[in-house]
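> Now for the letters of each chain:
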Amino acid sequence: MRRKGLAIMAVQTVAGKSTSTSAENPQETPFGPAAALSCRECGTRYPLTPVFACLECFGPLEVAYDLPVGDPEGLRARIEAGPANIWRYAPLLPVPADVTQKQNLNPGWTKLVKADNLARELGVTGGLYVKDDSGNPTHSFKDRVVAIALEAARTFGLTTLSCSSTGNLAGAVGAAAARAGFRSCVFIPHDLEEGKVVMAAVYGGELVAIEGSYDDVNRFCSELIGDPIGEGWGFVNVNLRPYYGEGSKTLAYEIAEQLGWRLPDNLVIPIASGSQLTKIDKGLQELIKLGLVEDKPYKIFGAQAEGCSPVSAAFKAGHDVVRPVKRDTIAKSLAIGNPADGPYVLDIARRTGGAVEDVNDEQVVDAIKLLARTEGIFAETAGGVTVGVLKKLIETGQLDPAAETVVFNTGDGLKTLDAVSPTTGPTATIRPTVAAFREAGLA
Amino acid sequence: MSASVRIPTILRTYTGGQAEVPAEGDTLAAVIESLEKNHAGISARVLDETGKLRRFVNVYVNDDDVRFSEGLATAVPDGASVSIIPAVAGG
Numbered sequence: 001m002r003r004k005g006l007a008i009m010a011v012q013t014v015a016g017k018s019t020s021t022s023a024e025n026p027q028e029t030p031f032g033p034a035a036a037l038s039c040r041e042c043g044t045r046y047p048l049t050p051v052f053a054c055l056e057c058f059g060p061l062e063v064a065y066d067l068p069v070g071d072p073e074g075l076r077a078r079i080e081a082g083p084a085n086i087w088r089y090a091p092l093l094p095v096p097a098d099v100t101q102k103q104n105l106n107p108g109w110t111k112l113v114k115a116d117n118l119a120r121e122l123g124v125t126g127g128l129y130v131k132d133d134s135g136n137p138t139h140s141f142k143d144r145v146v147a148i149a150l151e152a153a154r155t156f157g158l159t160t161l162s163c164s165s166t167g168n169l170a171g172a173v174g175a176a177a178a179r180a181g182f183r184s185c186v187f188i189p190h191d192l193e194e195g196k197v198v199m200a201a202v203y204g205g206e207l208v209a210i211e212g213s214y215d216d217v218n219r220f221c222s223e224l225i226g227d228p229i230g231e232g233w234g235f236v237n238v239n240l241r242p243y244y245g246e247g248s249k250t251l252a253y254e255i256a257e258q259l260g261w262r263l264p265d266n267l268v269i270p271i272a273s274g275s276q277l278t279k280i281d282k283g284l285q286e287l288i289k290l291g292l293v294e295d296k297p298y299k300i301f302g303a304q305a306e307g308c309s310p311v312s313a314a315f316k317a318g319h320d321v322v323r324p325v326k327r328d329t330i331a332k333s334l335a336i337g338n339p340a341d342g343p344y345v346l347d348i349a350r351r352t353g354g355a356v357e358d359v360n361d362e363q364v365v366d367a368i369k370l371l372a373r374t375e376g377i378f379a380e381t382a383g384g385v386t387v388g389v390l391k392k393l394i395e396t397g398q399l400d401p402a403a404e405t406v407v408f409n410t411g412d413g414l415k416t417l418d419a420v421s422p423t424t425g426p427t428a429t430i431r432p433t434v435a436a437f438r439e440a441g442l443a
Numbered sequence: 001m002s003a004s005v006r007i008p009t010i011l012r013t014y015t016g017g018q019a020e021v022p023a024e025g026d027t028l029a030a031v032i033e034s035l036e037k038n039h040a041g042i043s044a045r046v047l048d049e050t051g052k053l054r055r056f057v058n059v060y061v062n063d064d065d066v067r068f069s070e071g072l073a074t075a076v077p078d079g080a081s082v083s084i085i086p087a088v089a090g091g
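If you're matching them up, the sequences are chains Y and F in order. Position one of the first sequence corresponds to residue 1 (the working numbering), numbered consecutively onward. Position one of the second sequence corresponds to residue 1 (the working numbering), numbered consecutively onward.
Bear in mind the hints are in silico, worked out from the structure with no lab data behind them. All residues carry an ideal CB built from backbone N, CA and C; glycine is no exception. Incorrect hints may appear among the rest.
Said to hold, decoys possible - Chain F is faced by these chain Y residues, among others (derived, beta-carbon under 8 Å): (1) 41; (2) 59; (3) 237; (4) 290; (5) 298.
To be verified - Simulated crosslink set (DSS-like; lysine-lysine; CA at most 25 Å straight-line): (6) Y/326 <-> Y/392; (7) F/52 <-> Y/326; (8) F/52 <-> Y/316.
The task is simple: from the sequences and hints, build the whole structure.
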């Protein structure tokens, strides 16, 4: 309580002013090039503290930077000489220069797979890539965001790492906390896939299943943080959310670097809260601003499951606000009925000339199988959503198949076996004889 | 009609640090008006210039998100618990 009270008082003192804690020497401060927190709605700036909502308007706070402009060649060389993980981009992240010396899972630098077989199936002629983030330490992109939040928690002296989660994040927090020697206590809806529950529990922290939906869990965490119980807690996606979100920028950086320092034409990204999509856009804009890539147009497409598609519905209706929905889909990692960054996703899709589309559960399962049989990549349901939406976007003429496209797989199919197990199994079960093999029609 | 209103950390400067305060009113709009009488300035933080709920504020009457019901016109039964929560968490 004492810590949070002090943070709020400090914020009030400087609200409305531009503050910079890193002006003297950005590389020697705990937050590197980060200068302040800034409200996305009204622009009010705050010092770098564990706060997440604007005192003026409740708008979300995000990290504002003094980025190292003016020497793109030098910066590119420095990045390329860095480690094969997200810390190669430390000069663009709110972390200290010596971040590689800390106990962290060091996620990132996952494969960008040239998906020629899938491209042929879908009729994509401009080049198709899968950014396969199942290769992270806990097999989802969440390791990226948690790595940044963990460093912020360390700097703020927080001792418990926590989150509300649809599964992947709970595992990422549990693992990161175990590695860094933090206590962890994570909260999930009670009805998650077994793979995600086990994966979240195995790291030895506390895992609490809440009788309700993800939105109920989220509400509970938001209330818990205002309670004395929450003293010393870093909820990665609540009070550390401004820092946490920045981890998703590394997906944009990696794709550009892996393409030879250039931007693709289209990106198809899943939407849960919408944070990942907005931060990928932020990362792409930073790359252009820093001169690391040529300034060219790109289109961002958002992907949702039909059973929880508030952002897609708002996009199609031409609305700029997102009406919350009750969720009902197998894509549980995307089942956020009240997506915090939904309005910003709408802005980005419209600004870039992209779209937001959705597919039903049957199409999700078909897409998981399509990606698996064409590229040997077993995606979780969120990956089925993006591939399914990519197919639909092409079929409906919303995405140009002659343009270069990157589609995201953000998690491992082993976590969501339930989605495909009813329709996937042995081709035949036979006695161990050649005759039996022949009789089964397999010869 | 009396309700108990749970105040998020960022609004507790208006309630003298109290996490929960009483308010009167049979609709959410009336409850917010009552809050404003006792804690001047709080209304402008929850409502925008046009008098609507700010888009990054979630309000629950008991366990129900008012966006699923009648918004500011949502009925607040006697003894209800009203929660004001920043919407930017999660994901």
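> Decide, hint by hint, whether the structure agrees.
Hint-by-hint comparison with the structure:
1. 41: 7 Å, holds
2. 59: 5 Å, holds
3. 237: 6 Å, holds
4. 290: Cβ of residue 290 of chain Y sits 26 Å from chain F, so the hint is violated.
5. 298: 22 Å, violated
6. Y/326 <-> Y/392: Holds, at about 24 Å.
7. F/52 <-> Y/326: Satisfied, since the Cα-Cα distance of roughly 23 Å is no more than 25 Å.
8. F/52 <-> Y/316: 24 Å, holds
Hint compliance for this structure: hints 4 and 5 are broken, all remaining hints hold.
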